[in-house]
Amino acid sequence: MNSAKYVAGKALRMLTLLIALCIVSFILVKNSPIDPVQAYIGADMMRVSEEQREQIAENWGLDKPPVEQFISWAGAIVQGDFGTSMIYRVPVLTVIGNRFTASLALMGVAWLLSGIFGFLMGVIAGMNKGKLIDRAIKWYCLTLAATPTFWLGLILLMIFSVWLGWFPIGLGVPVGVLSENVTLSEKIYHLILPALTLSIVGVANIALHTRQKLLDVLESDYILFARANGESGLGLVWKHGVRNIMLPAVTLQFASFSELFGGSVLAEQVFSYPGLGQATVQAGLRGDVPLLLGIVLISAIFVFTGNLIGDIICSIVDPRIKEGRASV
Amino acid sequence: MNTKQTSKFSHSNASIMNRSTESLANPEELLVVKNLSVSFIQYAKGLKQLNLEVICDLNVSVNSGEIVAIVGSSGSGKSLLAHAILGILPTNAKVTGTIRYQGQALTTERQKVFRGREISLIPQSVNYLDPLMKVGEQVQNTIRTKDAKQLQQQVFERYHLSKEAGLLYPFQLSGGMARRVLVATAVSGGAKLIIADEPTPGLHPEVVAETLAHLKELANQGCGVMMITHDIEAAMKIADRIAVFYAGTTVEVAPIEDFKEGGEALRHPYTRALWMALPENDFKPIPGFQPTPTDLPPGCLFEPRCHLRTAECQCKKPEMQDLRGGQVRCIHAT
Ligand code: SF4
Numbered sequence: 001m002n003s004a005k006y007v008a009g010k011a012l013r014m015l016t017l018l019i020a021l022c023i024v025s026f027i028l029v030k031n032s033p034i035d036p037v038q039a040y041i042g043a044d045m046m047r048v049s050e051e052q053r054e055q056i057a058e059n060w061g062l063d064k065p066p067v068e069q070f071i072s073w074a075g076a077i078v079q080g081d082f083g084t085s086m087i088y089r090v091p092v093l094t095v096i097g098n099r100f101t102a103s104l105a106l107m108g109v110a111w112l113l114s115g116i117f118g119f120l121m122g123v124i125a126g127m128n129k130g131k132l133i134d135r136a137i138k139w140y141c142l143t144l145a146a147t148p149t150f151w152l153g154l155i156l157l158m159i160f161s162v163w164l165g166w167f168p169i170g171l172g173v174p175v176g177v178l179s180e181n182v183t184l185s186e187k188i189y190h191l192i193l194p195a196l197t198l199s200i201v202g203v204a205n206i207a208l209h210t211r212q213k214l215l216d217v218l219e220s221d222y223i224l225f226a227r228a229n230g231e232s233g234l235g236l237v238w239k240h241g242v243r244n245i246m247l248p249a250v251t252l253q254f255a256s257f258s259e260l261f262g263g264s265v266l267a268e269q270v271f272s273y274p275g276l277g278q279a280t281v282q283a284g285l286r287g288d289v290p291l292l293l294g295i296v297l298i299s300a301i302f303v304f305t306g307n308l309i310g311d312i313i314c315s316i317v318d319p320r321i322k323e324g325r326a327s328v
Numbered sequence: 001m002n003t004k005q006t007s008k009f010s011h012s013n014a015s016i017m018n019r020s021t022e023s024l025a026n027p028e029e030l031l032v033v034k035n036l037s038v039s040f041i042q043y044a045k046g047l048k049q050l051n052l053e054v055i056c057d058l059n060v061s062v063n064s065g066e067i068v069a070i071v072g073s074s075g076s077g078k079s080l081l082a083h084a085i086l087g088i089l090p091t092n093a094k095v096t097g098t099i100r101y102q103g104q105a106l107t108t109e110r111q112k113v114f115r116g117r118e119i120s121l122i123p124q125s126v127n128y129l130d131p132l133m134k135v136g137e138q139v140q141n142t143i144r145t146k147d148a149k150q151l152q153q154q155v156f157e158r159y160h161l162s163k164e165a166g167l168l169y170p171f172q173l174s175g176g177m178a179r180r181v182l183v184a185t186a187v188s189g190g191a192k193l194i195i196a197d198e199p200t201p202g203l204h205p206e207v208v209a210e211t212l213a214h215l216k217e218l219a220n221q222g223c224g225v226m227m228i229t230h231d232i233e234a235a236m237k238i239a240d241r242i243a244v245f246y247a248g249t250t251v252e253v254a255p256i257e258d259f260k261e262g263g264e265a266l267r268h269p270y271t272r273a274l275w276m277a278l279p280e281n282d283f284k285p286i287p288g289f290q291p292t293p294t295d296l297p298p299g300c301l302f303e304p305r306c307h308l309r310t311a312e313c314q315c316k317k318p319e320m321q322d323l324r325g326g327q328v329r330c331i332h333a334t
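Protein chains in written order, with the UniProt record's numbering: chain A, 1 to 328; chain B, 1 to 334.
If you are wondering where the hints come from, they were derived from the structure by calculation, not from laboratory data.
With a Cα cut of at most 27 Å, we get these calculated DSSO-like pairs of lysine-lysine:
id : chain 1 : residue 1 : chain 2 : residue 2
1  : B       : Lys48     : A       : Lys131
2  : A       : Lys129    : B       : Lys112
3  : B       : Lys260    : B       : Lys216
4  : A       : Lys131    : B       : Lys112
5  : A       : Lys129    : B       : Lys48
6  : B       : Lys192    : B       : Lys237
7  : A       : Lys239    : B       : Lys149
8  : B       : Lys149    : B       : Lys163
9  : B       : Lys34     : B       : Lys192
10 : A       : Lys239    : B       : Lys112
11 : A       : Lys239    : B       : Lys134
12 : A       : Lys239    : A       : Lys129
13 : B       : Lys237    : B       : Lys216
14 : B       : Lys146    : B       : Lys112
15 : B       : Lys284    : B       : Lys260
16 : A       : Lys138    : A       : Lys239
17 : B       : Lys216    : B       : Lys163
18 : B       : Lys260    : B       : Lys237
19 : B       : Lys163    : B       : Lys192
20 : B       : Lys149    : B       : Lys112
21 : B       : Lys163    : B       : Lys134
22 : A       : Lys131    : A       : Lys239
23 : B       : Lys34     : B       : Lys317
24 : B       : Lys48     : A       : Lys138
25 : B       : Lys34     : B       : Lys316
26 : B       : Lys216    : B       : Lys34
27 : B       : Lys146    : A       : Lys239
28 : B       : Lys134    : B       : Lys112
29 : B       : Lys163    : A       : Lys239
30 : B       : Lys192    : B       : Lys146
Here chain B stands alone, though its shape is the one from the complex (with noise of 0.2 Å):
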């Protein structure tokens, strides 16, 4: 397993520390993510203890007033990202590299203080409100001050959600509304950073657009948009920038423009197979498996499935390297 990191907290939960002090360069920069790395201990047969590492060497940020979508197919672990940056891993996660926010560490502490309000979270379904209250009721829950009542209300009126609606449990929420109920939940705390975990699955294509083009509003009006999706279609429809996640990691940052253009612009050869099984493109899909957190390669993790692998892939982990505009975690990329 990998063991580059030096740094090795005691805490069992998301603790994340500034490991470095330097500056941050882009004041414009809200969160960043570097080298993050998220394990889960396992006992395996005979008290053996498992490392499990489902996050590693992952680098991410994002901008205010920016949408950068993470998109990695499903089951890779993706959302373990947002609930790292939000702080709500399980007890028995080990997190270690570093997450920045507006500047500073985001440390166990500021999570606590700013998860729901400096940052929120669109969850994945419904399923992810309590089926036991009605949903005008939680969305107050989430806002915690006098007049949260009012403020719910005028964020489901800006979500052309009725009155009625707020008293409405989950399960009576059609696909749509439901969609609209989750966003009013994540914006109503007057979140900067706003990460929306797989907005868009299995919906008809009126809902995707329509949720698509509420985080578009949300980006343009400050906030930050994290897109954690398995759905590069929609992604690229709204996204600044998309980070491309494979086996527990980014292979590739890059801009939207190179992923409209397609081939050769992209940096990654997973990214460009990732293109390529597109629809409109080739629609030919990538030969081969994700490996699992069980069995990494050693070496390069895309190294199995890469046509241009060479001996020097399957000994060293690529780093992250910045290219074109962009970065890239493969020692050929050009």
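For reference, chain A alone in the conformation it holds in the complex (with noise of 0.2 Å):
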């Protein structure tokens, strides 16, 4: 009953999120300097004459008053139809469809990767709290956090791209192979190097995070507690203090989904990766209205659903809180 109730209230939350949302693009991308028709004819300006451009113009409602575009855009979206992508010439879904897939891989890699190693580094560092080992740990976590993605990236690429030659310069898949022809390992091996980059990044926060709240628990009275009753060292770390610092750190990784979203759009952009990240830049640079608005409300949905996952994840596995909804 509760629960029901709880799941409600986030759909509800996330619902007038998106049409919040949907409201700002749309007056956002209608005061941009971008001429949709403009951009939808392209290179073939010179072609196009002025009679046409209205004639396109009338075509897609453009002369109707904005609400009414609004009101006409916001019900084809309701009913699933996202418009077609100007610069694919599919639609919208579509693309996003392929490219999401491609970023997925990239993104998950990155996301478990920055995961597992950010929180052992925060462990390493809060239980080493002062040491050389914590102070090294912190050092690299700042400079990181500093650091940006796009930089990194050439970079590593850079390094191991152009002067090691272990991984290729960018792409997603071999040059000049038929796409059905690409085998795993060539897609994972073109995956490597932005993954690495963005998860090089990721470790930060979560590292940061975990090393903190780590020597809350230390200080915490039942760690006392159990140092009072002869538990001591790496067993008492691992029986209260991991228990006690997974779930804010699970809750905080679900909830670096932006982050990780805006680095990959930087990473792809860099790498040449075919992701949603560099469809948005594509989108954004050459005017494809339909696409950009797309992204913006299927992002917008990724990052709150990983808010969402840790809230329940949390509310499952914290007994605080599954019992104590429970039992109200």
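Dock chain one against chain two, each of which comes alone in its own frame, and use the hints as you go.
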């Protein structure tokens, strides 16, 4: 009963968020200097007359007042019609679908790696507070937090692809191979460097957060009591520490979907990786309004879902929330 | 600051060493704390080190089968005494003085072996239990033997805790249940010395009575119990002796009879004032405040508030002296 209420509440929040997002993005695009007709015509500009332009505009309903335009656009969105991408000339959802799968692999790998390594680094630093290893990890994290993703991507590209030649310079698949002939190992091979870039940057947040949490836990009364009861060392940290810092870490990692997405936009650009991030940049630069709006909505859902999963996991695993809700 | 201690140890943590070689007079004596000082090194502005002495020259002892209450106002660092005995002070703490357990110096190594087994702590509240671990599991954790589960269930039974209670998380325990779980945790290792840190904080009178009864029962079974509390009334109900803690040290140790009699039977002006402040007596609080570790008076610690003070009290710190079957730290004590 209460769980249903909880989920319904979350869903309602997401819905209002999406509606607000639709309105804001629509207004932004409407007021941006991008002329959709111009963007559509592109290089054919010379061959399209003023009359034809007006016809296109009329065809798209661009002559109607903005509110009416919004309603017809929003109506189509509700029915699942996101329109057709101007640069790829296929339905927006198809583009997003294809790109998203590629991005998902990249982001998933980066997310897992940064989560696991970030957590470990945080635990190691927290357990050795003030020692050399702690200071090294802290220094690394703080430096990384100030490092732009694209710059790191360029450095990695320079070292591993250009100098050492270990990895491809870019793209998601080998050049000159038909897409149905691309093997999984080739895909993975192309994925490593961008994923590495994303993970290297991604560990900073989770590591610093975990370190702080562990320090808090180690100073807590229950750790003191566990020590009074003769527990010590790694066993103590494992039994009482990890359990108590795992939950916030998981929540944080799920809440980091937005940074992950932002990072992937930059990393994909540097590595010419054909993911959603790259499509976003293209859509923005070339005025592909339907695609841009589609990506904005989908990525919002993506980020929100991340937060939601974090919350749900927390409420399932944490007895204080789980039992608390059941007994109230 | 007090630098009376001649033996300074480089160990940062609780390193209690045997300063004297005298053998113990009383074989009953389970725990003897002598001239215990605990200080914290703090870094003030500009790398200046500040030595904050929170416990200084504390003397107290506990015999088997006896309850000794350490009574002092809240927030005066009494808990640190418990932590010093168990060897769980923070790493920036410095400890001097001697702690002897069963006639032998309680070294860091022995503390490690003994805590949770020979010597155990009953903590103040459920906050001292891991919030994400079922309480039964936590008790088993402290037992550390193969039959931990059985032992835990036995101990739970002894304290009228059901099997289901072991499956609860700390936040689900009611006040009385929480108390019993905490006691169960402490006794599950078969401890001979039990340190109860503030066992009756803001509890329901029934729960207080129950908790005190548990402590009494443990003493009757032969355990030495050190009860650290701010609640002098609770202490008077069950303690055999009461040590009065003031500004980081013990100013008087007296048998319970003297507290029951009150007034002249007590030795230290502070103890007398405390006794007078009880509801059934004058209920009159003592004017003034306890000094903080940062600005202790140079002479007797109670001097600023003492109505018996003389010029002499200002220059020298009184030593603990035996008097009428108790001990007192006052040069004008009678
Ligand atoms: S030593 Fe002096 S000041 Fe201190 S308690 Fe005794 S009489 Fe009072």
